[in-house]
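With the hints as extra help, turn the sequences into a complete structure.
One line per chain: the protein sequences are L, Y, R and X, in this order.
Here the first sequence stands for residues 56 to 490, numbered as in the numbering used here.
Here the second sequence stands for residues 56 to 490, numbered as in the numbering used here.
Here the third sequence stands for residues 56 to 490, numbered as in the numbering used here.
Here the fourth sequence stands for residues 56 to 490, numbered as in the numbering used here.
Among these hints, one or two may not hold up.
Repeated chains share a single entry, so a pair holds when one copy, or any two copies, can fit it.
Claimed, not checked - Pairs of lysine-lysine, DSBU-like flavour, derived with a Cα cap of 30 Å:
#, residue 1, residue 2
1, Lys452, Lys263
2, Lys125, Lys477
3, Lys109, Lys259
4, Lys452, Lys101
5, Lys422, Lys459
6, Lys477, Lys401
7, Lys391, Lys422
It is worth saying that the hints were derived from the structure and are not from the lab.
Protein chains: 4
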Amino acid sequence: MIPRYSRPEMVAVWSPETRFRIWFEIEAFACEAMAELGVIPKESAKAIWDKGSKAQFDVARIDDIERVTKHDVIAFLTHLAEFIGEDSRFVHQGMTSSDVLDTCLAVQLRRASDILIADVDALLAALKRRAFEHRLTPTIGRSHGIHAEPTTFGIKLALAYAEFSRARARLVAAREEISTCAISGAVGTFANIDPRVEEFVARKLDLKPEPVSTQVIPRDRHAAFFATLGVVSASVERLATEIRHLQRTEVLEVEEYFSEGQKGSSAMPHKRNPVLTENLTGLARMVRSAVTPALEDVALWHERDISHSSVERMIGPDATVTLDFALARLTGVVDKLLVYPETMRKNLDRLGGLIHSQRVLLALTQKGFSRENAYALVQRNAMPVWRGEGDFLTLLKADPDVSKALSPTELEALFDLGYHLKRVDVIFERVFGAA
Amino acid sequence: MIPRYSRPEMVAVWSPETRFRIWFEIEAFACEAMAELGVIPKESAKAIWDKGSKAQFDVARIDDIERVTKHDVIAFLTHLAEFIGEDSRFVHQGMTSSDVLDTCLAVQLRRASDILIADVDALLAALKRRAFEHRLTPTIGRSHGIHAEPTTFGIKLALAYAEFSRARARLVAAREEISTCAISGAVGTFANIDPRVEEFVARKLDLKPEPVSTQVIPRDRHAAFFATLGVVSASVERLATEIRHLQRTEVLEVEEYFSEGQKGSSAMPHKRNPVLTENLTGLARMVRSAVTPALEDVALWHERDISHSSVERMIGPDATVTLDFALARLTGVVDKLLVYPETMRKNLDRLGGLIHSQRVLLALTQKGFSRENAYALVQRNAMPVWRGEGDFLTLLKADPDVSKALSPTELEALFDLGYHLKRVDVIFERVFGAA
Amino acid sequence: MIPRYSRPEMVAVWSPETRFRIWFEIEAFACEAMAELGVIPKESAKAIWDKGSKAQFDVARIDDIERVTKHDVIAFLTHLAEFIGEDSRFVHQGMTSSDVLDTCLAVQLRRASDILIADVDALLAALKRRAFEHRLTPTIGRSHGIHAEPTTFGIKLALAYAEFSRARARLVAAREEISTCAISGAVGTFANIDPRVEEFVARKLDLKPEPVSTQVIPRDRHAAFFATLGVVSASVERLATEIRHLQRTEVLEVEEYFSEGQKGSSAMPHKRNPVLTENLTGLARMVRSAVTPALEDVALWHERDISHSSVERMIGPDATVTLDFALARLTGVVDKLLVYPETMRKNLDRLGGLIHSQRVLLALTQKGFSRENAYALVQRNAMPVWRGEGDFLTLLKADPDVSKALSPTELEALFDLGYHLKRVDVIFERVFGAA
Amino acid sequence: MIPRYSRPEMVAVWSPETRFRIWFEIEAFACEAMAELGVIPKESAKAIWDKGSKAQFDVARIDDIERVTKHDVIAFLTHLAEFIGEDSRFVHQGMTSSDVLDTCLAVQLRRASDILIADVDALLAALKRRAFEHRLTPTIGRSHGIHAEPTTFGIKLALAYAEFSRARARLVAAREEISTCAISGAVGTFANIDPRVEEFVARKLDLKPEPVSTQVIPRDRHAAFFATLGVVSASVERLATEIRHLQRTEVLEVEEYFSEGQKGSSAMPHKRNPVLTENLTGLARMVRSAVTPALEDVALWHERDISHSSVERMIGPDATVTLDFALARLTGVVDKLLVYPETMRKNLDRLGGLIHSQRVLLALTQKGFSRENAYALVQRNAMPVWRGEGDFLTLLKADPDVSKALSPTELEALFDLGYHLKRVDVIFERVFGAA
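Have a look at this one:
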């Protein structure tokens, strides 16, 4: 996470101020629950809420205390006691640091998920708008980078829409994975704390109680979470790669918006580069790089070791901030993408009609040729075109074996572009629902 | 995937014979659908089914053809035509190779998922049985590898049960992710094939139609699938690591079953090593290693490139076969695990009573000490015990500041093991449901 | 490792037969050394060599024994004893299984390295030949996929040559990393075996003695080895990606060789796809996927655990066989690559002269313009060209501010292609040495 | 990279101030070279050095300019011109941004390497000191976590010393990998700049000229660099894991230093946890996580795309800062490690003498038993000891088959600890050189 690739809302989720505020709320809700259970005095619980709510926690002061205690939660509790006074002895009773830390992380990851889901919603809206705009804009479909058959630019965007709809569903599932609360004490036995405290705090924070925790919430949940971010970022890379390809000089069917004053190159004033989508490709690599350490974090020793902690201090902010930035950037790219239908049309014609080779193949088989013979016949007329030695339709018409089966008019009909677009509506209905 | 770490049922999912059989079924179902739509003759569709069903596909023959065509589906179709004869010209009409390949992969991954889910079910059954067996077997809970507070061995197993219940849910979701069928033609436009063919084949194969495909089914689905296997394998590693730790010479609370005739070491005849769980740790690394290439496969170029293919030919079998083997091995380990409650009890006593330090701390705060003072008081009596200079209870009784607040009887009550086990039932009910 | 992507020589390195033969040699050399040191009878050492050399080890028989002992080296030694008879009691004295296993792995990885280095040599030869062939074939250099300035196709290949020269040096270093021998006993103390035995065996097998081993050779060596394979495979991917790009329909400056009978697509007979380089992209992902498990193998517990073993049984063959195949395939692609200089020339002209924009910029600054003003001047003439509204040279000539500084002749001189090729010789000399 | 896990010297390498200073030096050295070649006026080159050296670059101002130009190097050059005035038009002539950026990155990575190598040197010194201190401190060697045979704590540290000596050599090689300079213009042809400028700047910055670059320095170099950091961090994890194991409550042979005022647990005042080495385990995961994105960065498109840039902006600082911190922390841990030789001795005796089983096995074979019979004989006496049913020596003495071969005195001699330590000197000489 670096400022260049960060947005303030997500950064705020991970600020020390946010963290200490959540810690306080967990402790205060726990006190409230303990007061209701008669474990601590109700007035104390109330005082804790009142004084803590008004407190301005001093991050530097907490850091100073931590330098001595080498323990972050104890440092915070010591600082909290400075605001609350005597009642602070009721705070954190029967709890262990991880009760606070892990429940806080759950709250932060949940908030981060909310932002990411909203990001995807914005991206989906942009994709949908542009998809309908280009529903019937013909463009060449390419496999292996080689022209295949016509499709529409709208279908390309519909595909991305469907992909990010799946991304959204995965993020919702990932949010559920990490939305649990553990207030279960030193090794998860509730020896010193009533399970109802956990249930109370969970309810207040919009979490579910972790069915069984050790000292920590099990890390398979977090691994599943970060793995999901990795999958989503892979989809970001896919769409970014598509745009980078389409902006190549030789293709130039789309371009990223180029703002006033922007400079493409310090050396070559003519350059307009797809730098945003190239950047997204790199950012996707970074989000994905969180997956392996998150998977390695799962096998903690016994009821916990603390090896996951440094990892999460980094990948927690890094992966969510970077993905948030990437999704927003991608939305901007899609939203303002310059689309050049004329170039698409020009590119469609580039192969001298070869993109219709399959239709010819099928027509020949329907006229009684075996698949093998039809294939050979088509290929023998396709290869000269490939070598730049003529136009496919002309060659077919001139081929005596072909012309025996297919009249010139029949052949021409096989070169109709509209033929390829006739089921766009079916696809759009599947993706976006009935009109 | 190597024979040493493979089980036949999962291996069979990936055999060439299985693959060609599925290919045939996809083609034959597609013909059936096309016949119903009047695109090809009904007799031909019937003949294709009849002759193809009886055909014994010759893997070596297909390989031979592929060596010339350099195209696996064409090689298969050529071979298939040798059985079907003239009607074979109706096979594969309007379809592209990937329609067959990707739908086949979906069927294989779905079958693999079924096996993996059954594996997890077997593991869950073993974990549940052993968890109830040791519901109240006291053992020390450890954080950072250091004794913390008592728990039970049953809780450890309940935790694993809850974790693998999540693994199961993730596998079910992953199975849904990849259970789609694409029969949409060269670039996914259905130009030469009716979308109802895809719907028909999907229904027959227990898949859903892919809402919008290009030439291929989008690879974010597969990435999500393999990422899930990675997360599940991380849980395998966690439980394996727990057992390896518990079998250490100095701990020795459990042991892997040691079969008759087994040799632990070529040099040291006394050795009984946790080789199965060490092996599981390595296997988990291998399953996880499939995640990154699967994520890298997502960003295919345009409507497809074929870079994902070699990856999937390897990780498809490798990751599923290895995880299947690992889950089954883990189930055996859990099922036959030798558990030593006496050693657990002995280890519990090893720290001279220090594991009760938190209860003493809490009791002191309840007597009016501030948290900081109570902590200091406890720590000052704990450190000599740590250094082997006495027993915690004795030292506390002798500490004038402590004894002012807590009587000997009160102190003794704080050292009761049962105190820590009183909420085991709550935890078990959460994990396994009401009795 | 699957047959489709394997070559026999590398596969043989990893066969059970090879492994058992190396095991035997390690044991026999160790006996020879012990005989020289007077630890065992010389006749016995000789008999072991004689009988073992002639023995045909029966892999299935060894597997059978292992099924009982669950220990591979003991199974082998038992089988070996069947050939050697009574003297077999002198075999493996004071040694531990890992002495055999790890030294054998060193021999195998060393042989694998030799093959990989030879592969790179073949690739370098092909690259050099083609580089000189196209030393002065002009082609457009592209940054961000956008035309930048002219370069030559030979420089592209020289770059690959330099990159694989580095790959070669890294492989040589990696070979050194793993070329060590450990015969140091159960925990590496040489308690039951003289260090001179290790030195003797090392010398015979062309290895160095491991300065200090535990039961095993430290795994940082293997991690460094597999990390190197990962880096080499990344270079394979880079060159493969370059070729894939150049073969795109819109670019088509090169093509993979398309063999007689080959079929590009089951549906579209015209297709000629860069399937080999796409395949190399996928194979590179697989080789890279070995890096993380190899890194995770390093942190073995105490003097060893066996978690690395299953990993190495897989990545040892998989990564080396796949990289060997990939390097050989890449060599074939480079060797037979169809290069189209006319298309390169046509593509060079595609931007209406914009690729000379930097020269114009520099010429203007040399005439006294500030960099900023010159940049603005060039950009103002470049943008219409970009939009297809004219030719750069014509526009510049017509721009009054430009023409004040640069005469038509001066401007034309700035559009000379030869200008960009004048230092090709310097680069070639740096890469390939003086002629 | 977060402050918690950072040290100032390495952080400074990556500050904007450092970066802009290096950028300036590259530009100024290039001007100096161009002046010597007569390309630009000598006075201008001098003026650039003079004014630029005194300039205080204003990071915020540069950021402001970049917000408009969206180009960092142009923003810097614009700011630089504010200091230099008219002569600034001679700056950056014939160069491209990447000439500055990539050469700067080389300088930064080289400085980072120097710090890391110094870190390893400090670690080696600590390891050597402690290794000699405990050269003959007996401790149990463990394989699979199970007691194997005696070794010494000094050997454990000597092993780490040898491992980090290799780490040092790898870092030196990695430093060489990235120590190259590219000043070769827009696509690496030196069209607008003399190769001697590159040679001059390289010499001044202690780099070598890149033999052939495109717009960028090839990224296989950086991949090799970060892969090396990954391997080094794996060794950090190994040693950290060893210490974590040795500090377990049941083992407790060593302890991390526990500072005055430190608190082990908020809930359990007795806890002394190996938190530093657990933390190192997590940090190692993070350093390793840079390897995959660095490998993915290699396959840039054509002469460059900019996808690597965002990755390197993150992993450049992150991986080097984290590894620097980790190495320094590990040095501190080793330096102050509390070592408990009495506990080591107590643990050695824990298995009732079983750790001597191999010696007994060897003695029996030397008395004429076959290996198989001797193994069976030893195992039959070992198993009761394993079950806690007696002491190994006593049982052996009582076994009639054993006592026929070995007298009580002979048996007792086999249980001598000194036997295992007799070759410590050989090992130390190999690792540390002759005394």
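30 Å Cα cut-off: does lysine 452 pair with lysine 263 within a copy, between copies, both or neither?
neither (71 Å within a copy, 42 Å between copies)
Indicate which option fits the pair lysine 391, lysine 422 if close means a Cα-Cα distance not exceeding 30 Å: within, between, both or neither.
neither (48 Å within a copy, 39 Å between copies)
Check lysine 477 against lysine 401 for me: Cα-Cα at most 30 Å, and say if that holds within a copy, between copies, both or neither.
Cα proximity of lysine 477 and lysine 401: one copy only (21 Å, versus 36 Å across).
Can you tell me if lysine 109 and lysine 259 fall within 30 Å by alpha carbon in one copy, between copies, both or neither?
within (19 Å within a copy, 59 Å between copies)
Lysine 125 and lysine 477: within-copy, between-copy, both or neither at 30 Å Cα:
neither (68 Å within a copy, 33 Å between copies)
When Cα atoms must be at most 30 Å apart, do lysine 452 and lysine 101 count as within-copy, between-copy, both, or neither?
Answer is neither: 91 Å inside a copy and 36 Å across each miss the 30 Å cutoff.
Is it within, between, both or neither when you check lysine 422 against lysine 459 at 30 Å Cα-Cα?
within (10 Å within a copy, 69 Å between copies)
Hint violations for this structure: numbers 1, 2, 4, 7, all remaining hints satisfied.
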